[in-house]
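Colleague: We have chain A; now place chain B onto it with these hints.
Taken in sequence, the protein lines are chains A and B.
Here the numbering used here is used: position 12 in the first sequence is 16, and no number is missing along the way.
Here the numbering used here is used: position 218 in the second sequence is 223, and no number is missing along the way.
Don't read these hints as lab results, they were simulated from the structure.
Quick reminder that beta carbons are idealized off the backbone N, C-alpha and C, glycines included.
Just so you know, not all the hints are guaranteed correct.
From the structure, some residues in chain A lie toward chain B, with a derived Cβ separation under 8 Å [unchecked claim]:
#1 5
#2 43
#3 205
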Amino acid sequence: MNETPFFFTLGTHRLFAMLHGPPSGAARCAVVMCGALAEEKLWSHRVYVSAARDLAQDGIAVLRFDFRGEGDSDLEFEEAGIATRTDDTLRAAEVLLEHEPQLRGCFFIGHRFGCAPAAIAAARLGSRALGLVAWDPIASGCTYLMQWLRSVVANELAQTGAAPTRASMLKRLDAGETITVDGYGISPQFYRDLMGLEWQRLLEVVQCPVLAIDGTNEPPFWRESKRFHSRAPVMSGRTMQWLEEQAA
Amino acid sequence: MSTIVSLRNREGHALHCMLDEPPPGEPRAAVAAVLLCPGIKTRVGPHRLYRKLSGAFLSRGIPVMRVDFRGIGDSEGDWPGESLADIYRLTAAGHCVDDTRSALDWLESRLGIRRCIVGGLCGAANTALHVAREDTRVAALYSIGLSTRLHGGDEKPAMSAGELRSHRMVYLRKLGQPASWLRLLSLKSDYGLLWRSLAQGFMAKKAGAPAAVAEAPAAGLNPDVAASLLALLGTGRPALLLFGERDPSRRDFEEKILQPWAPELEPHKAQLRYSVIPASNHILGQPAALQAANRLTEAWLDEQLTRWIVRPERGAGAEGLHSDALECSSVNEAIQCSTNES
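Okay, chain A solo, but in the shape it has when bound (with noise of 0.2 Å):
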């Protein structure tokens, strides 16, 4: 396998990333890919691997990376909202076309959360942006942020007996407070993003083609279920479909 594993900057803070590359020679495409937020990110982490994996034998370059806040880069999670994540995508971008510099641009890969930072990432690029897939985005950032209140309050009551109310984590979002759940701390600013997060608007913005693939074409391997998830084929599929498209 040609992987190779290195931290990137931003300014003064590294990235951790992983470069998957063709077994030889140079790339004919590449792509960044965006993973999803917090333990969505780690029950998917192995369906990217096993996707940038995919893409990599069919000679395409992918550049997976942690996010700030997340997995192994810099600054804490409730540091980070949705203005670094896309300076982040956009920073991984440029580090991925200095490595293939035969290549015109790039593709996105988003997946929930992740498809956010990639869309506004992809707008801001402009022409160097030869395209985003969209893996089950996020529609609203507030119902999300509700479902993600509701299933840690569920599974805490489930599994101590106790957990406190959503409503009044919601109470303490609204007086500035930042809230930790799941082990993950919610910033105000972080808090605002969500909630201001609207997918459709976001594709307003988006000059490049789109391909925007339901998460209900698999199972849903980003959450806690009792199958480990290692591969999602219809969704790396039809991606590896639309890139040959595109990239033709």
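Modeller: Same frame as chain A, now just chain B:
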């Protein structure tokens, strides 16, 4: 600052790990801490737990290596199955021992470190116990939420008395909620669990002594846990066992290991540090739980690993071990606590 370490396991798979070292010029300890991937949650752990715990080690000059096993995180290789229960079962049975030893090999050959504190959350601690049985480079066990169960077999793991009691309390609280009654009447409830938890309460009252319930056969118990723990302690090596108070693993451990094995553990009580972090869950998901875990870790390092570590000048952590925040801090107290609670 983190350094990427891509080492090869004995089957040739690249395992991508992360090494955090004390700042250059700072004194170095003679040991390293090796935090193993817990289940499938990669080398950072849930909510980056391992990064949050690393400071306690680094402040004492101890480098920290975080390891992704084959088929997990960014590493090469695959897991033999796709059932999460099977993964947990295989982990508990020692599937990741070789990968851990490869990490120890790397630390020895590249950094000259021949003694390591090994462990982590849940299955990581089980793996560390397995490795400790056959590898003397394991200087100590560092465990959070150690699992005593074997998942994924034909036999469903028996719930501990404490766990059933917790479910019973939840059911009783739901009596006044219409949505819960709707769920019950629409056949969505887990009737088996409902029956077991209510019956356990009834039986406990009838018997008049909680011990009668606690002595139920421990189906699904991992037989290696007690044996490996005793083997570790028997060779003079220390162990820190941290549990969240609300972690079902804690009740399991107390009822299936601490209580029945109390006589065997008694001679080793000076090496075994057992602490329960109040109001915490399995993953230490709240900031207060993390702070407590870090204090306990620092105090344990200062107490048990003095000959290998560098003591920080600020003397942090000394107050951590017997802080008021802790419910239990030794085996005897723990047994007493769990018995009283039952």
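Colleague: Look at each hint and say if it fits the structure.
Modeller: So, going through the hints one by one against the coordinates:
Taken as an interface hint, residue 5 of chain A checks out: its beta carbon lies about 6 Å from the nearest beta carbon of chain B, inside 8 Å. For residue 43 of chain A, the interface hint holds, since its Cβ comes within 8 Å of a Cβ in chain B; the closest pair sits about 7 Å apart. Below 8 Å, beta-carbon pairs count as interface contacts, and residue 205 of chain A has none with chain B, the closest being about 30 Å; its hint is therefore violated.
Violated hint for the displayed structure: number 3, the only one.
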